[in-house]
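Given next are the chains, with one letter for each unit.
There are 6 protein chains.
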Amino acid sequence: MSVVIQNIERADQEVIAGLAEAGVATVHEAQGRKGLMAAAMRSIWAGARIAGSAVTIQAPPGDNWTLHVAIEQLQKGDVMVLAPTAPCDMGYFGDLLATSAMAHGCKALVIDAGVRDVRDLTAMGFAVWSTAISAQGTIKESLGSVNVPVVCAGALVNAGDIIVADDDGVCVVERGEAGKVLEAARQRMAAEDAKRERLAAGELSLDLYDFRARLAEKGLKYI
Amino acid sequence: MSVVIQNIERADQEVIAGLAEAGVATVHEAQGRKGLMAAAMRSIWAGARIAGSAVTIQAPPGDNWTLHVAIEQLQKGDVMVLAPTAPCDMGYFGDLLATSAMAHGCKALVIDAGVRDVRDLTAMGFAVWSTAISAQGTIKESLGSVNVPVVCAGALVNAGDIIVADDDGVCVVERGEAGKVLEAARQRMAAEDAKRERLAAGELSLDLYDFRARLAEKGLKYI
Amino acid sequence: MSVVIQNIERADQEVIAGLAEAGVATVHEAQGRKGLMAAAMRSIWAGARIAGSAVTIQAPPGDNWTLHVAIEQLQKGDVMVLAPTAPCDMGYFGDLLATSAMAHGCKALVIDAGVRDVRDLTAMGFAVWSTAISAQGTIKESLGSVNVPVVCAGALVNAGDIIVADDDGVCVVERGEAGKVLEAARQRMAAEDAKRERLAAGELSLDLYDFRARLAEKGLKYI
Amino acid sequence: MSVVIQNIERADQEVIAGLAEAGVATVHEAQGRKGLMAAAMRSIWAGARIAGSAVTIQAPPGDNWTLHVAIEQLQKGDVMVLAPTAPCDMGYFGDLLATSAMAHGCKALVIDAGVRDVRDLTAMGFAVWSTAISAQGTIKESLGSVNVPVVCAGALVNAGDIIVADDDGVCVVERGEAGKVLEAARQRMAAEDAKRERLAAGELSLDLYDFRARLAEKGLKYI
Amino acid sequence: MSVVIQNIERADQEVIAGLAEAGVATVHEAQGRKGLMAAAMRSIWAGARIAGSAVTIQAPPGDNWTLHVAIEQLQKGDVMVLAPTAPCDMGYFGDLLATSAMAHGCKALVIDAGVRDVRDLTAMGFAVWSTAISAQGTIKESLGSVNVPVVCAGALVNAGDIIVADDDGVCVVERGEAGKVLEAARQRMAAEDAKRERLAAGELSLDLYDFRARLAEKGLKYI
Amino acid sequence: MSVVIQNIERADQEVIAGLAEAGVATVHEAQGRKGLMAAAMRSIWAGARIAGSAVTIQAPPGDNWTLHVAIEQLQKGDVMVLAPTAPCDMGYFGDLLATSAMAHGCKALVIDAGVRDVRDLTAMGFAVWSTAISAQGTIKESLGSVNVPVVCAGALVNAGDIIVADDDGVCVVERGEAGKVLEAARQRMAAEDAKRERLAAGELSLDLYDFRARLAEKGLKYI
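Residue numbers (the working numbering), protein chains in the order written: chain A, 1 to 223; chain B, 1 to 223; chain C, 1 to 223; chain D, 1 to 223; chain E, 1 to 223; chain F, 1 to 223.
Since the hints were derived computationally from the structure, they do not count as laboratory data. Honestly, I wouldn't trust all of these hints.
In this list, chains with the same sequence are indistinguishable; a pair is considered to hold if it fits within one copy or across any two.
To be verified - With a straight-line cut-off of 30 Å between C-alpha atoms, the simulated BS3-like cross-links for lysine-lysine are: (1) Lys34 to Lys218; (2) Lys140 to Lys34; (3) Lys195 to Lys218; (4) Lys221 to Lys180; (5) Lys76 to Lys195; (6) Lys180 to Lys140; (7) Lys221 to Lys195; (8) Lys195 to Lys34; (9) Lys180 to Lys34; (10) Lys76 to Lys140; (11) Lys195 to Lys140; (12) Lys140 to Lys218.
Quick caveat, the model's predicted, so the values are computed rather than measured.
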């Protein structure tokens, strides 16, 4: 039952770059508030901001063998997404695997488990979002799968989906919707620019969004 | 039952500035070890250190409408304190609301829930203490209240109380006690300066505080 | 039953320095993956990296009196390791105690509880690994013990054991094994240097470690 | 600053009995969805269902001395509500204190900390809602207060407020609102009886509450 | 984007009954250790044991309107599976909805959120697996979807999949694999019966499974 | 490094029986409030109450092979104590292993991880204290050790120590101290019987323990 799906489709690189620029909060809104991973998924260093195509990894708890298998499947700009098959905070990934992944064009790792060598990963500029930091070593005994659908930190990820990640967390965009989502994200950003200017000038959002009548109707009392 | 209390009393600005300088740990001690929020309430960027008058917000879970209402009530130097009426880690607040709040003099947000646009908030220098970071959007359907008493991260906050916050967390000072607390904080700081010098010179706190006799009496054995 | 064991044996300073250089992940592997504290034990500032001899402290929950007792037992290069006798996130330690500990040669504190004055501790360069940050003050009423065996964040620590700590967490090396562990760590680092070069050049770890045959034998399918 | 407020006002016994009968979920709704303690507050045995007047206890972490003080203030039908001044899961209360409390008419304990002697408490039929079960003993060194306002599991409790508790958790009713809340609870129960009958007969709540038009207007699609 | 998918396919009733009899642990093993929900998903009363076809519900946090919509889609023997779109412990479901669901043949609810009226649900014999118990009421303002794929407590659930649940937790069986999984479960149970008898007679599993040689080969030492 | 220590010493059976009768809370007090496991360690069925000699098991995360090894080392009345070498909530133990363990005289399992087949274990009357319930299966690939010292749920356990467990949790008594602890426990129980009678008669503990003077001296005010 353990498989490596070798040839996955990826989204257009320009669309991916656009989604990275838009960022997690905007992309999440632009696609109807879906695809967000749990808040426990955090970057190991501040300021990382990426988007890339998901190479998914389903790995046994405490066993990082499948990560080695997955690296062969990487293409430039990919993001590895690892979900263990049972909750686990062990350190699946460190500087050696990062060296290898970077040599194969990998941009980042998103992992619902732990990583180690945080100092080195930070110095290398390799972006990682994880739910734990732990030096605890893993084994290489049981098979997992690469590029099958996984549930990572509460979000379903299919191979080739676009992972958008920054200081706000991680969001998954379905590959088939990427272009549409980017367009919506850009419209949202343009609209926000106009609003930001008015708000900075002191206009109240109560007026900007015309909230007062509906608030009164719902019964809000000022005393 | 949803109300906005419009004219709240605030403490003296110099007292507030003094409390900010004293910091959370000192203020907490100076007022008899009360008013501390839970340890899960953390700054989204290192080094923030503020004090300000609380504008309190009681908001439904996942609904940030009341934040828009609260901004109209802000005065220069205020701190918004938001408590949801059920546990919630969604992102109530981001760069647009921060822009608006800053335009109305707001100094910081303290929220027992999530915020987003962390990169932007950090760049803007807008201080936030929160119990989560999440891009998850909220709705605008249900009313909350402004400037009613709230329980935020385990601490009772009345509108106009002074919020003191830094890398150690968040502490609430009752408005009527602010002057007295500041005085006690200053005495404590002065006393600590003298002690710090002696400790830095190598004097043991066992001697400085005269602990040896009481330790022996309680039965401490050296072997 | 409360005792202070005064004369403990310590490992060789050069061995300790070598372990610090190796770092937590390498040392943990080199000693057979034991001695790691729980992942909740984190540094209060990024980049700290130390090793030192453990002066252990068993303290009642919310009572830091024994910390004062322990400071007298410190020698240059020691690390204090505090385990409360019941779960507690209160702030046992701040800038005054750090001043005193540093004056007595202490290098760091590892505490399965909270600390405060984070800004000051960071400015002083005093390294702390803790499971909480909290301004909540503690009392001085009940005795604890110094240099007895303690369980700290899930790891057994005997006085004089070597504490290795960095951004990956905290690992305990038994004093009697320190030399052997350092040797194994150095061999591991040398071996990793060679591997790192080959991985950086694009060689796959599947080939470097000769994994393909065993993966096929276990039944991995490529599709 | 540690005080025992001796003469508190209590609500009418019949009103209290009515609230117990209504139960937590109904009372919570009837008073506008406020006053609910956090979900971590659970009964130590299934089926307990009570209401009573709150005798509040603010206790230092790990110190149960104030519980002894509070028992003198009990009247028949009271419920003790204990909030520690810092998070604590130690066992403040066991069978001896329960024996004493029952002898003074106490109906239950609500505690944001731990209890022990669970088997005995269950056999005695003494109801306890707690956030932990722990045999860990406490000390008697520091003062707390009785019948001051406390924040317990996220809810503000004033002495004399009515505590309603059952398998769904714990809810606080302000003393001054008790009669009004009971009336609203009874109306709610009567209305629910009629609805229950129709729902049991197979009528859909979509029809009973006339939801279909509004769902369609919001855009719900059936496919 | 909110849809109700009306006509879903369901597995054979006899297969479903067989899976219920096999239980969660056996079914989980029989299908290759996949489909298990997180351990936080627990039954609200001991001894419940069911299997049924999933009617999935994707609901906004704190909004149970979609539950009302879903009840119309129920057929005899179905199990409702609710996943909120953001973490939420509020009480989406109580005795009135259970009355309605039972009237439409529903066997159980599996919900990654809270429920209330636990006493009534238990008395009614309505089985619920939830991640929280809470009286906190929800609203009816935002749309969700029925019978779309959901991620519930870490497991992907498609409408019509078979939910198997007992005191060990909840496991999801893909509809298309149900027959094959049942067959494997039955073989497993038969094999276990034989083993159980030998183990009960005192035979060691070291011998029954012939482990000794491999343990020795791996290096296990007896001292 | 993986070893099975075969011949361990055990405490006297009558002493062990006496400790079981005393129960966790009393034993914990009688031995100076040490040896208590974390509050997350709970019985899977209410009312279990045992004491026995510890056969310790250090097991890799998600690998239950060492449990099979340990069963051969059991003697009548033993309790298995399993600590994984990294945090893990998987189901290491179910009805087959329980059948085997019971056949070899085992009284209970204490495990800082998960178990499954809860319904069967309960029916068999096999007592289990665990930190999780989970059907997730484990593997048999890596060695662990039997009867080495382990840290289980925060408590150090040496082989042959006495495990005392009931509805209040789990406490460890060092083998060499068992007789002395039992004697202290019995004195405590006798003293408590006298106190219980007086408290039941309405005497206040303030008087029974003569607390009033010291409370007044510390500054307690009655108002």
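Item to complete: Go through the numbered hints given earlier and state which of them the structure violates, listing their numbers in rising order.
Response: none
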